[in-house]
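Asks: My request is simple: use the sequences and hints to build the entire structure.
Listed in order, the protein sequences are those of chains A and B.
So the first sequence is numbered by this note's numbering: it starts at 1 and just counts up by one.
So the second sequence is numbered by this note's numbering: it starts at 1 and just counts up by one.
Hints in this document: simulated from the structure, not taken from any laboratory.
Keep in mind that this is a model prediction, so the values were computed, not measured.
Glycine included, C-beta positions come from ideal geometry on N, C-alpha and C.
The reader is advised that the hints may include incorrect statements.
Once the Cα atoms are required to be at most 25 angstroms apart in a straight line, the calculated DMTMM-like pairs of lysine to aspartate or glutamate come out as [to be verified]:
no., chain 1, residue 1, chain 2, residue 2
1, B, Lys184, B, Glu174
2, B, Lys15, A, Glu244
3, B, Lys44, A, Glu37
4, A, Lys49, B, Glu37
5, A, Lys128, A, Glu216
6, A, Lys251, B, Glu102
7, B, Lys44, A, Glu60
8, A, Lys18, B, Glu174
9, A, Lys371, B, Glu52
10, B, Lys49, A, Glu367
11, B, Lys251, A, Glu102
12, A, Lys49, B, Asp279
13, B, Lys44, B, Glu34
14, A, Lys49, B, Glu284
15, A, Lys8, B, Asp78
16, A, Lys172, A, Glu68
17, B, Lys184, B, Glu105
18, B, Lys8, A, Asp78
19, B, Lys155, B, Glu215
20, A, Lys372, B, Glu52
21, A, Lys44, B, Glu37
22, B, Lys128, B, Glu173
23, B, Lys18, A, Asp247
24, B, Lys372, A, Glu52
25, A, Lys21, A, Glu37
26, A, Lys337, A, Glu300
27, A, Lys8, B, Glu244
28, B, Lys49, A, Glu34
29, A, Lys18, B, Glu52
30, B, Lys17, A, Asp247
31, A, Lys21, B, Glu52
32, B, Lys172, B, Glu282
33, B, Lys8, A, Glu52
34, A, Lys8, B, Glu52
Sample of chain B residues facing chain A (criterion: CB under 8 angstroms; computed from the structure) [said to hold, decoys possible]:
no., residue
35, Arg7
36, Tyr12
37, Lys44
38, Pro47
39, Ile50
40, Ser89
2 protein chains.
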Amino acid sequence: MPASPIRKLVPYAEKAKKEGKKVYHLNIGQPDIETPELMLQAVKNFPYKIIEYTHSAGIESYRKKLAEYYKKNQIELDYTQIMVTTGGSEAIEIAMMTCFNEGDEIIIPEPFYANYNGFGVAAGIVVKPVTSDIKTGFALPPISKFEEIITPKTKGIMICNPNNPTGYLYSKEEIEQLGALVKKHNLFLLVDEVYREFCYDGKEHFSVMRLKGVEENVIMLDSVSKRYSACGLRIGALITRNQEVLDTALKFAQARLSPPTIGQVASEAAVNVPKEYFDKVEAEYTNRRNTVVGLLNKIEGVFCPMPSGAFYCFASLPVDDADKFCQWLLEEFEHEKQTVMLAPASGFYSNSILGKQEVRIAYVLNEGDLKKAMVCLDKALQVYPGRVVKKEKAAKA
Amino acid sequence: MPASPIRKLVPYAEKAKKEGKKVYHLNIGQPDIETPELMLQAVKNFPYKIIEYTHSAGIESYRKKLAEYYKKNQIELDYTQIMVTTGGSEAIEIAMMTCFNEGDEIIIPEPFYANYNGFGVAAGIVVKPVTSDIKTGFALPPISKFEEIITPKTKGIMICNPNNPTGYLYSKEEIEQLGALVKKHNLFLLVDEVYREFCYDGKEHFSVMRLKGVEENVIMLDSVSKRYSACGLRIGALITRNQEVLDTALKFAQARLSPPTIGQVASEAAVNVPKEYFDKVEAEYTNRRNTVVGLLNKIEGVFCPMPSGAFYCFASLPVDDADKFCQWLLEEFEHEKQTVMLAPASGFYSNSILGKQEVRIAYVLNEGDLKKAMVCLDKALQVYPGRVVKKEKAAKA
Chain A
1 MPASPIRKLV PYAEKAKKEG KKVYHLNIGQ PDIETPELML QAVKNFPYKI
51 IEYTHSAGIE SYRKKLAEYY KKNQIELDYT QIMVTTGGSE AIEIAMMTCF
101 NEGDEIIIPE PFYANYNGFG VAAGIVVKPV TSDIKTGFAL PPISKFEEII
151 TPKTKGIMIC NPNNPTGYLY SKEEIEQLGA LVKKHNLFLL VDEVYREFCY
201 DGKEHFSVMR LKGVEENVIM LDSVSKRYSA CGLRIGALIT RNQEVLDTAL
251 KFAQARLSPP TIGQVASEAA VNVPKEYFDK VEAEYTNRRN TVVGLLNKIE
301 GVFCPMPSGA FYCFASLPVD DADKFCQWLL EEFEHEKQTV MLAPASGFYS
351 NSILGKQEVR IAYVLNEGDL KKAMVCLDKA LQVYPGRVVK KEKAAKA
Chain B
1 MPASPIRKLV PYAEKAKKEG KKVYHLNIGQ PDIETPELML QAVKNFPYKI
51 IEYTHSAGIE SYRKKLAEYY KKNQIELDYT QIMVTTGGSE AIEIAMMTCF
101 NEGDEIIIPE PFYANYNGFG VAAGIVVKPV TSDIKTGFAL PPISKFEEII
151 TPKTKGIMIC NPNNPTGYLY SKEEIEQLGA LVKKHNLFLL VDEVYREFCY
201 DGKEHFSVMR LKGVEENVIM LDSVSKRYSA CGLRIGALIT RNQEVLDTAL
251 KFAQARLSPP TIGQVASEAA VNVPKEYFDK VEAEYTNRRN TVVGLLNKIE
301 GVFCPMPSGA FYCFASLPVD DADKFCQWLL EEFEHEKQTV MLAPASGFYS
351 NSILGKQEVR IAYVLNEGDL KKAMVCLDKA LQVYPGRVVK KEKAAKA
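Replies: Here you go:
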């Protein structure tokens, strides 16, 4: 596995901090929102004297509560169709090992979450990208683009909705198009919905589990990490109505014995988190998004489509090489003893050249810090020695 | 992955309970000893408002405390040589993916922990067994037996010390023999030491990390699950002085982001658990072991060597097929409305026929229950329709 372009920057960020610079971390998906008090209380009230293994598929009462949560989200499930995992990461890993064999191909629209490729490599799967376009805000590429690269080895399609890294929220129609495609070619459709609760502008999330007629094809991957700002609990879920997939996935789950017990207890409590919590979080992120995307598009040569979900936006910058630029921000630049850490886009594309002038920005800081970070970015782009203006961006300006 | 013979019995155990039978569970490694109060308090006092990811290799302060724990056990380590994992299971999984490529061979003395094979299969590794013998108490087979099956594809040797499933404690001399062997053939030596604290009769555990001259070859796998009766925390560790292995292992760790945060906080507190805790646990298990092994050897046709470590013993029974017998115990048998659940040994051997007359017994219940369970087993063997007497056992009797 190659080190990701984001990870490579970590030593530079540490050095910058040692030199006394304040670094605004817009590079990671660790939200600063507080974990709901209900969950922290459940941890404090952990009632047992022995911290035991749970069932490999998770605590039954938690799975039943999860089914209630999904029901509130128009997803009808039996609790036995929910397998609790150690974070969304393990849900992805187990789904890939369960659905695919060595050498199978999976199609993923790019830019995509870098670890999809990591888990794919570990499972011996070939990830084939379909490139989505910043000009359309990273909407689903035309289905014909998928069909062009489907081969007899193609066994699945995977998306993240709302999307990490682009923040794009796939529409009901796009999900239905994918449903028809996997039905036609008899493929698995894996959908990572960990950002379900982060949809803006009144837009509704359409879960893949609501598709009819593709029950055997669909696998949903989920996590409490982002939903409740509880990344450290390491509690996710693999969800499907395909019994064969559930049976095989359980065998992988049994090999690692059990998901974390205390995390499950806290996550069970989380199902009672009131709607007001999500309303407040949504209002906060909407504000941040508007601030960041607004400020980005005011910077000369920068273009950032307005995302409708998650807490990321994806911008093109007037730079020669975003990897170099992001490193330079940490190593060479400062504005009033401050700088900003961004995620260069190269790691989100199969062909890193495609992301050469793009970055992902996670708006996981408070509005004041976000504004200061955007000032830094603006100042930095004015003096960056590798500044270039792309023709299309120039046209926009 | 095939379902393990133990897992196959679970529905029969559930049925037996529904029918009102009391089932003594000697089939699993879930200890009944209470988790140290210090750890439960650390959970209750979790000090943060956000349950965040930690560093992928674990919280730095925890890794430093762990280095102190190892130092008390005569193992000198820098904290950077410790990578925290999600349970011992993940330590095994990441070690296998890091050290071996598809098609590589690893030699493991059998009977072995069934999930070693599971993780091996998932990593595309070929597990080659060297059979150890109940007559020697499952001591290390002669080194010549390893050498006979070493091929150019052999890349590692793995043991569990003290051993699950046999309870055998490898001696310093045996560990040194393995050290010399891996040095000679340039192999990795993976040692699972999760039962380190469970050694009896005053015998000392000799950690593989104490071997000199094989620093690049040795990887130690560890977990707090058994040590502190805290299986549900899912906190383990991968430990090595081989920097290349650490670097690659970290990339796998980064893909899954972080081990559970609260589990790490509790495990950091555990390093302060006083020696008295282990003394008490050791006394308790010594007692249980003596009770179970003593009673087993009094049953006609049963042979059980006295183990020196872990909390398992491995017995041969006068039955036609231990898988059938264990199922029959749950399905057909009862003594005063009670029965016993054992782990048939077939799942611990590469060639299941080798375990046909053997079972693993985990002495994880209190002494009173263990005695009642042994009465059940004695009565059951008297009436089991498939009873047979092996010649060697007859000779013993």
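Asks: State for each hint whether it applies.
Replies: Here is how each hint holds up against the structure:
{"no.": "1", "hint": "B:Lys184 with B:Glu174", "in the structure": "holds (15 angstroms)"}
{"no.": "2", "hint": "B:Lys15 with A:Glu244", "in the structure": "holds (23 angstroms)"}
{"no.": "3", "hint": "B:Lys44 with A:Glu37", "in the structure": "holds (14 angstroms)"}
{"no.": "4", "hint": "A:Lys49 with B:Glu37", "in the structure": "holds (8 angstroms)"}
{"no.": "5", "hint": "A:Lys128 with A:Glu216", "in the structure": "holds (23 angstroms)"}
{"no.": "6", "hint": "A:Lys251 with B:Glu102", "in the structure": "holds (21 angstroms)"}
{"no.": "7", "hint": "B:Lys44 with A:Glu60", "in the structure": "holds (23 angstroms)"}
{"no.": "8", "hint": "A:Lys18 with B:Glu174", "in the structure": "violated (48 angstroms)"}
{"no.": "9", "hint": "A:Lys371 with B:Glu52", "in the structure": "holds (24 angstroms)"}
{"no.": "10", "hint": "B:Lys49 with A:Glu367", "in the structure": "holds (19 angstroms)"}
{"no.": "11", "hint": "B:Lys251 with A:Glu102", "in the structure": "holds (21 angstroms)"}
{"no.": "12", "hint": "A:Lys49 with B:Asp279", "in the structure": "holds (19 angstroms)"}
{"no.": "13", "hint": "B:Lys44 with B:Glu34", "in the structure": "holds (16 angstroms)"}
{"no.": "14", "hint": "A:Lys49 with B:Glu284", "in the structure": "holds (18 angstroms)"}
{"no.": "15", "hint": "A:Lys8 with B:Asp78", "in the structure": "holds (23 angstroms)"}
{"no.": "16", "hint": "A:Lys172 with A:Glu68", "in the structure": "holds (22 angstroms)"}
{"no.": "17", "hint": "B:Lys184 with B:Glu105", "in the structure": "holds (17 angstroms)"}
{"no.": "18", "hint": "B:Lys8 with A:Asp78", "in the structure": "holds (23 angstroms)"}
{"no.": "19", "hint": "B:Lys155 with B:Glu215", "in the structure": "holds (16 angstroms)"}
{"no.": "20", "hint": "A:Lys372 with B:Glu52", "in the structure": "holds (24 angstroms)"}
{"no.": "21", "hint": "A:Lys44 with B:Glu37", "in the structure": "holds (14 angstroms)"}
{"no.": "22", "hint": "B:Lys128 with B:Glu173", "in the structure": "holds (23 angstroms)"}
{"no.": "23", "hint": "B:Lys18 with A:Asp247", "in the structure": "holds (24 angstroms)"}
{"no.": "24", "hint": "B:Lys372 with A:Glu52", "in the structure": "holds (24 angstroms)"}
{"no.": "25", "hint": "A:Lys21 with A:Glu37", "in the structure": "violated (33 angstroms)"}
{"no.": "26", "hint": "A:Lys337 with A:Glu300", "in the structure": "holds (23 angstroms)"}
{"no.": "27", "hint": "A:Lys8 with B:Glu244", "in the structure": "holds (17 angstroms)"}
{"no.": "28", "hint": "B:Lys49 with A:Glu34", "in the structure": "holds (6 angstroms)"}
{"no.": "29", "hint": "A:Lys18 with B:Glu52", "in the structure": "holds (23 angstroms)"}
{"no.": "30", "hint": "B:Lys17 with A:Asp247", "in the structure": "holds (24 angstroms)"}
{"no.": "31", "hint": "A:Lys21 with B:Glu52", "in the structure": "holds (23 angstroms)"}
{"no.": "32", "hint": "B:Lys172 with B:Glu282", "in the structure": "holds (20 angstroms)"}
{"no.": "33", "hint": "B:Lys8 with A:Glu52", "in the structure": "holds (21 angstroms)"}
{"no.": "34", "hint": "A:Lys8 with B:Glu52", "in the structure": "holds (21 angstroms)"}
{"no.": "35", "hint": "Arg7", "in the structure": "holds (6 angstroms)"}
{"no.": "36", "hint": "Tyr12", "in the structure": "violated (17 angstroms)"}
{"no.": "37", "hint": "Lys44", "in the structure": "holds (5 angstroms)"}
{"no.": "38", "hint": "Pro47", "in the structure": "violated (10 angstroms)"}
{"no.": "39", "hint": "Ile50", "in the structure": "holds (5 angstroms)"}
{"no.": "40", "hint": "Ser89", "in the structure": "holds (4 angstroms)"}
Hints 8, 25, 36 and 38 from the list above are not met by this structure, while the remaining hints are.
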